[in-house]
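Novice: Please model the complete structure; the sequences and the hints are all you need to start from.
Protein sequence lines correspond, in order, to chains A and B. Under the working numbering, the first sequence has 101 at position 101, and the numbering climbs by one with no breaks. Under the working numbering, the second sequence has 379 at position 379, and the numbering climbs by one with no breaks.
Because the hints were derived from the structure by calculation, they are not lab data. Hints may contain errors.
Some but not every residue of chain B turned toward chain A, in silico, with C-beta under 7 Å [to be verified]:
1) 16
2) 17
3) 20
4) 22
5) 24
6) 84
7) 86
8) 89
9) 90
10) 91
11) 95
12) 96
13) 212
14) 413
Just a sample of chain B residues kept apart from chain A, beta carbon distances all over 10 Å, derived [claimed, not checked]:
15) 14
16) 23
17) 28
18) 85
19) 367
20) 375
Estimated spans, in silico, between C-beta atoms of each pair [claimed, not checked]:
21) A/161 - B/180: 52 to 60 Å
22) B/87 - A/73: 51 to 59 Å
23) A/181 - B/226: 54 to 62 Å
24) B/226 - A/214: 34 to 42 Å
All residues carry an ideal CB built from backbone N, CA and C; glycine is no exception.
Each chain, written out:
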Amino acid sequence: MAPVLPEGHLHLSSLVKRFSAFTLGPIDSALPRGVTGLLGENGAGKTTLLRLIVGTSAPTSGHISLPVDKQGTRLGFLPQDFAAPARVSVQDYLAYVAWCRSTRRDKITHAHIADALDAVALSSVARSRIGTLSGGMLRRLGLAQALLGGANILILDEPTVGLDPVQRQEIRALLRDLGERAVVLMSTHLAEDIVSIAGRVMVLSNGALLYDGSVGELCGDRKVSSEALEAGFLRVVGHGGAHAA
Amino acid sequence: MWVTAVLMRLNTGLLSMLRHVARHSWLVLCVVGMLGTNIAVMLDRGTPWRGDLVWTIDWLTIGHVLVGPLVAGFAAVDTVRLSIGVRDLPLRGWRNADSAVGLTYGMALAAVHLVFVSVIIAVSAPPRFDAAAALAVLTQIAILWFFVGLGVLIGRFAPPILGGIAAAILGLVCVYMFTDPRSPTGLLYGGAATVPRMGYSYSAAWLGIQLAAILTMLAAMWLVRPAWGRSRLRLAALSALGLLLAAGASQVFAAAPGERLSASVRGPESCGSLAGVPWCYFPEHERVIGGYANHLLALFDAAQVNGYEGFVPDAVEEASQTTWPGDANTGPFYVTSDALAGTPPTLWEVTINLVQPLHCKQLQAEQAPADQYWEDLYAVTATWTNMVDPSAAEQAGYFGESLDPSDAERIMEKFRTCTYAFE
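Specialist: And the structure:
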């Protein structure tokens, strides 16, 4: 008999992606509503895992089940190398994405675009060309397109890269709010991101999932802080030569 | 208020997408290229198509040899360019850069073509309309869509510049390979007529099959796409289905009965009298018929005055590409492309068409008539033209003497009764 999965979770079941010289997984996890951080060294497989979940890459084996609510599944994704057409205005680009992401049932409207721009504090540059935006603004635009239509699952690949400290704080506050109504999985190199907004953390190393639990547990006996999280991460990675069961 | 509400709703809808693609693609350049080509084609050679509905509609597609590859190239480039910023996003359903480019290009080019067809028909003012002509125009639009689909297909697989060049070249190859009207592979044949179409009408059945085959090809091109992502197997299966569809469509088209144009049974309907001789012509040629009437009147008068009454036929009828007077006593005349382009008909050409016995089966055989036939034909023709204008025969390159009435009548009688030794 198939196991009963709790509703509103993102389920990863025996997920494996094999490349010629690298294997991700097997990964089993059930991510609840809230922000989950994804930590790992460069090349650990973070982006690969996110692309598998988003569906822009096919798993070698295993299964992914996206959270469903009354309106179905609404997936927002911020790619690591997010790029947008330089000559197009912010508003026009979002309207184009809105058309692409709308379905007969779920129409993304002008009001949704305005909300997304407000959320990432880009309303003032709505009519500016994307080519004139700073790196941080472009990152926030990427986040805005992911937020369109009220996503119930957000997959964010390093959302705070390129942001200044003030913007980072604002985006963290936004993601914390979003975590109250959506499953948010966010890869990052910044322990501070996870400590400030994530309740849960996954640690990947060399394609293996070495830790999948609360931030507090990873910090061990120490008070939750960036230093404690980094120490916990290093401890897990340092002892994690084999794949986690 | 409701207008605002509708506009707000449309803002992220189809209109918003169309506006986005129109503003940020090469579509404008493509449309300008199409406009320029169409205008040049329309004004070329003295607009000889005026009046002839089939020729009018088929004339415009002469430019498709350029427009098709141009459209394919630009569509390929824009498919790549407009996928920036949405390529990596998890899009469900059919809405993506492909469909955005396909829809916008498709609608814009269809609109431009329809406008031009409307203008050219208004200028042409044909006296008759044919419901199948609408099907012909639809098919021409579908041919433009084929080139859009080709560009979008290439754009899915190739980088922008290379994709654009490859799509344009492939478009040219398609024009070269699939526009032969007599070939079972002439799927993209949309007319491109440089000669009059008088005597032909559209075959609705053939056009229907062509339209269905092109639309199936479009569906097939839509299905073929790179197999990546979570649905790799599904995409690969769809691509295979697309190829199967394309193969099926080409087979069905190859088996289409008949040809795009079928011989019309309609004869010349506008009738009158020239010096007592009844004559009929196609109302499509009303604008140039005066030149022919003047020559015919002069010829009939001269024959009566000079004792060559036997030259004058009982009636005169305009011949078309597929119909000509079937009896010996009705003289034919042809309205030529040159005349339709504004060059007045010559006395010689009107006369020789009246004289030559086209109703004789011997002339419809594959074997050419003997030299003596041509000598006699030219002699009779020159005899008649010399009565009206002594310089006409020499201008046509004939320098022989005129025949006396009895010799001329002897030859004409043999022509009428098809007893002449043609071989």
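Novice: Indicate, hint by hint, whether the structure satisfies it.
Specialist: Now for the hints, and whether the structure bears them out:
With a least beta-carbon distance of about 5 Å to chain A, the hint placing residue 16 of chain B at the interface is held under the 7 Å criterion. The interface hint given for residue 17 of chain B is met, as the beta carbon of that residue sits about 4 Å from the closest beta carbon of chain A, less than 7 Å. For the restraint placing residue 20 of chain B at the interface with chain A, the shortest Cβ-Cβ distance is roughly 5 Å, inside the 7 Å limit, so the hint holds. Using the Cβ-Cβ criterion of 7 Å, the hint placing residue 22 of chain B at the interface with chain A is not satisfied: the shortest such distance is roughly 11 Å.
Evaluation of the residue 24 of chain B hint against chain A yields a held restraint, the C-beta minimum of about 5 Å falling below 7 Å. A least Cβ separation of about 5 Å between residue 84 of chain B and chain A falls short of the 7 Å threshold, and the interface hint therefore holds. Below 7 Å, beta-carbon pairs count as interface contacts, and residue 86 of chain B has one with chain A at about 5 Å; its hint therefore holds. For residue 89 of chain B, the interface hint holds, the least distance from its beta-carbon to any beta-carbon of chain A being 6 Å, beneath 7 Å.
The beta carbon of residue 90 of chain B is positioned within 7 Å of a beta carbon in chain A (closest approach about 5 Å), and the interface hint is therefore held. With its C-beta approaching chain A no nearer than about 5 Å, residue 91 of chain B sits inside the 7 Å limit, and its interface hint holds. Here the hint on residue 95 of chain B is kept, as its CB sits about 5 Å from the closest CB of chain A, short of 7 Å. The closest approach between the C-beta of residue 96 of chain B and any C-beta of chain A is roughly 6 Å, which is under the 7 Å cut-off, so the hint is satisfied.
Annotation: interface hint on residue 212 of chain B violated; nearest CB of chain A at approximately 27 Å, more than 7 Å. Proximity of residue 413 of chain B to chain A is violated relative to the hint, the smallest CB-CB distance being about 79 Å (cut-off 7 Å). With a minimum CB-CB distance of about 8 Å to chain A, residue 14 of chain B fails to clear the 10 Å threshold, and the non-interface call is violated. Not every C-beta of chain A lies more than 10 Å from that of residue 23 of chain B, the closest at about 7 Å, which undercuts listing it as non-interface.
Every Cβ of chain A is farther than 10 Å from the Cβ of residue 28 of chain B; the closest lies at roughly 14 Å, confirming the non-interface assignment. With a least CB separation of 4 Å from chain A, residue 85 of chain B falls inside the 10 Å interface cut-off, contrary to its annotation. At the 10 Å boundary, the C-beta of residue 367 of chain B stays outside the reach of chain A, the nearest C-beta of that chain being 67 Å off. Every CB of chain A is more than 10 Å from the CB of residue 375 of chain B (nearest about 74 Å), matching its label as outside the interface.
Taken as a hint, the range 52 to 60 Å holds for the pair residue 161 of chain A and residue 180 of chain B, whose Cβ atoms sit roughly 58 Å apart. The supplied range of 51 to 59 Å is broken by residue 87 of chain B and residue 73 of chain A, whose beta-carbon atoms lie about 20 Å from each other. Taking the beta carbon of each, residue 181 of chain A and residue 226 of chain B are about 35 Å apart, not inside 54 to 62 Å as hinted. Between residue 226 of chain B and residue 214 of chain A the Cβ separation comes to about 41 Å, which falls inside the hinted range of 34 to 42 Å.
The earlier numbered hints that this structure contradicts are 4, 13, 14, 15, 16, 18, 22, 23.
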